[in-house]
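From first to last, the protein sequence lines are chains R and D.
When we follow our numbering, the leftmost residue of the first sequence carries the number 9, and every step to the right adds one.
When we follow our numbering, the leftmost residue of the second sequence carries the number 49, and every step to the right adds one.
Treat the hints with caution; some may be incorrect.
[Stated by the list, open to error] Subject to a maximum C-alpha distance of 27 Å in a straight line, what follows is the list of computed DSS-like cross-link-like pairs (lysine-lysine):
(1) R:Lys-257 to D:Lys-404
(2) D:Lys-263 to D:Lys-132
(3) D:Lys-140 to R:Lys-257
(4) D:Lys-104 to D:Lys-194
These are calculated hints, taken from the structure and not from any lab test.
Predicted, not measured: the structure shown is a model, and the values here were computed from it.
Chain by chain, the residues run as shown.
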Amino acid sequence: MSILVDRTTRVICHGITGNAGAFHTAQCLEYGTQIVGGVVPGKGGTKSEHGLPVFNSAFDAVRETGANCSMVFVPAAFAADSAMEAAAAGIRLVVLITEGVPTLDMVRCRKYLDERGTQLIGPNCPGIITPGQAKIGIMPGYIHKPPAAGTKNIGLISRSGTLTYEAVWQCTTRGIAQTTCVGIGGDPVKGLNFIELLAMFEKDAETHAIILIGEIGGTDEEAAAAYIRANVRKPVVAFIAGQTAPPGKRMGHAGAIISGGEGTAASKIAALKEAGIHVATSPAEIGSTMAKVLSVA
Amino acid sequence: MKVHEYQARQLLQAAGVPVPKFRVVSSASEARTAFAELNEPEVVVKAQVHAGGRGKAGYVVLCRDASDVERNAERMLREPMVSKQTGPSGVKVKKLLIAPAVQIAREFYIGMVIDRARRCPVMMVSREGGVEIEEVAAKNPSAIVKEWLDPHLGLLPFQVRRLVSALGLADAAAHAAGRTMTALAKIFVEKDCSLAEINPLVQTRSGEILAIDAKISFDDNALFRHPDVEAMFDPAEENPNELRAKAANLSYIALDGNIGCLVNGAGLAMSTMDIIKLHGGTPANFLDVGGSVTTAGAVEAFRIILSDGKVRGVLVNIFGGIAKCDVIAEALITAAREVGFKVPVVVRLEGTNVDKARQMLKDAAIPQLVAATDLTDAAKKVCAAV
């Protein structure tokens with residue numbers, strides 16, 4: 009089992025002829041993802057370098073390919089528009105990789121998608137992977153381990169990219185497999201958040217435990233801690249990045265900023281610990297903490 | 049992106065918000081002339097810097113005559129301002145704002161930010177103006193009244209009425225305050241602000257509503273569609289290394305410690321700082337080279353890190369995904385040759401093309417290079433080396 013995406017997910021790539029779109033479509037195809045076409049306005053009727061059909065609009069792409077998921081690589085100025093077009097065309101899940109999307113664009117985009125029942129992952133995120141089945145994003149596939157008979161499996165939710173790879177690698181090298189890993193992105197206004205994904209992993213029979221990777225800025229981790237205490241029975245291991253970050257400075261991610269005394273790592277760690285969650289103190293100990301929780305040698 | 053108070057006042061004025069008349073000057077003699085032009089019994093001279101704590105530092109001063117204005121202006125423009133927010137070396141003041149002193153009867157706060165949890169802009173007002181809103185939020189949260197905006201509809205008239213009545217205003221003053229709130233919300237949405245606040249908005253003894261001080265900052269991601277806003281950028285307010293990094297597409301923040309960091313990814317870069325601290329060291333910087341880093345970009349990153357005289361050691365932590373380890377290895381070899389390493393450089397590489405990268409570094413045999421097996425090993429080695 010897995011959440012959100014699997015080997016049956018049919019994906020179209022917005023921006024399939026751009027540098028990033030073309031490169032990562034190739035990587036996703038190689039991993040086994042069913043990418044069924046691309047959307048590039050003005051290039052409808054042509055083929056991408058991967059031999060996939062290119063459409064002028066998401067409407068054409070959905071009609072011709074039966075796609076149900078969009079992977080968006082278009083530049084920041086047009087990213088929200090692509091996501092909204094996908095939703096209007098009936099796409100159920102949009103994975104928005106693009107970094108640098110204006111916050112107010114995301115405010116409007118998220119509302120538009122909500123009204124149409126379309127789920128969003130991102131923006132400014134590595135995407136989502138169900139190991140062994142589908143990789144929809146920019147994460148390196150080989151670091152992941154698909155569940156097999158007898159493996160202990162985790163689900164992972166993270167605001168970070170490379171730190172997620174680090175955590176996944178620490179699990180894989182200890183024999184811990186992953187059902188699905190979701191990078192929710194580093195922006196202040198985004199799609200699916202900790203709570204919705206925690207609920208999905210809690211219901212997923214194959215997921216034994218959950219890793220939550222947060223960072224400074226906002227209060228999503230505090231909200232997640234309260235949710236876990238009330239609703240999640242599976243063990244959760246957490247790590248919060250930015251314990252040494254100074255206030256008032258954006259630490260790379262648009263959403264990673266301590267402002268007005270809100271969003272400190274200390275407040276998040278305290279909330280998580282209070283909810284009985286295992287918090288790794290070092291980023292090098294996320295995998296070993298999970299191994300202990302799952303009693304994996 | 050932050051702008052100066054005088055620039056925020058200009059934006060408010062253009063949107064129809066009542067702002068007291070003011071002059072912006074950059075010399076003591078201009079200050080004297082401005083005082084004469086304003087022709088007021090008392091003026092306030094305010095240093096135009098982004099850092100807070102101006103009042104306590106003596107950089108907001110009331111003056112009653114021309115020589116007092118000139119003397120204070122001369123001092124502010126000569127001596128860097130040192131406050132809690134500036135660090136010990138302070139910041140150089142280049143511009144001053146001069147405005148009539150206002151006889152204040154009541155002070156209010158009005159401000160707008162993005163509410164991350166509700167995913168929309170929120171307008172906040174309070175009768176406790178003139179103090180930091182964070183302070184009010186901590187001590188007396190019920191004193192802050194909020195209205196959330198539908199991004200498509202903006203601030204609605206009934207919301208304005210609720211906010212104005214929360215401030216206890218009526219009649220003409222209520223009308224003026226309401227127009228100010230509507231204008232502030234319009235600026236916020238039209239110019240892609242991340243913060244727009246008037247603090248204080250005052251009612252004068254004669255009943256007039258005036259915006260006395262304003263702070264506006266903008267969403268960096270939206271600057272591409274606001275050339276007028278981008279033109280207000282003041283590079284003198286930024287750390288020179290941070291500007292240099294920005295030009296090279298690197299995300300760099302200068303810190304106080306002595307261990308330079310070069311990492312790919314913001315989350316991993318923050319965690320690298322954290323693990324250094326955990327093993328007793330202190331990071332000299334945050335540096336995310338990004339996913340699509342080139343050799344030239346990574347060499348520039350080394351130049352920036354090593355230009356910081358405090359740096360006694362460097363930790364390179366790369367988890368290659370999109371960024372490839374061999375690109376970083378090549379940058380290390382180039383930087384060793386062109387920049388030269390005078391301090392130990394601990395290198396931890398994992399992920400895409402790691403075997404190729406390790407071989408390249410082995411062949412290059414750079415004496416200052418210390419290989420690390422994992423994150424903990426790397427942190428321990430760099431902390432031991434400084």
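Query - List of violated hint numbers, smallest to largest - result: Violated hints: 1 and 4; rest satisfied.
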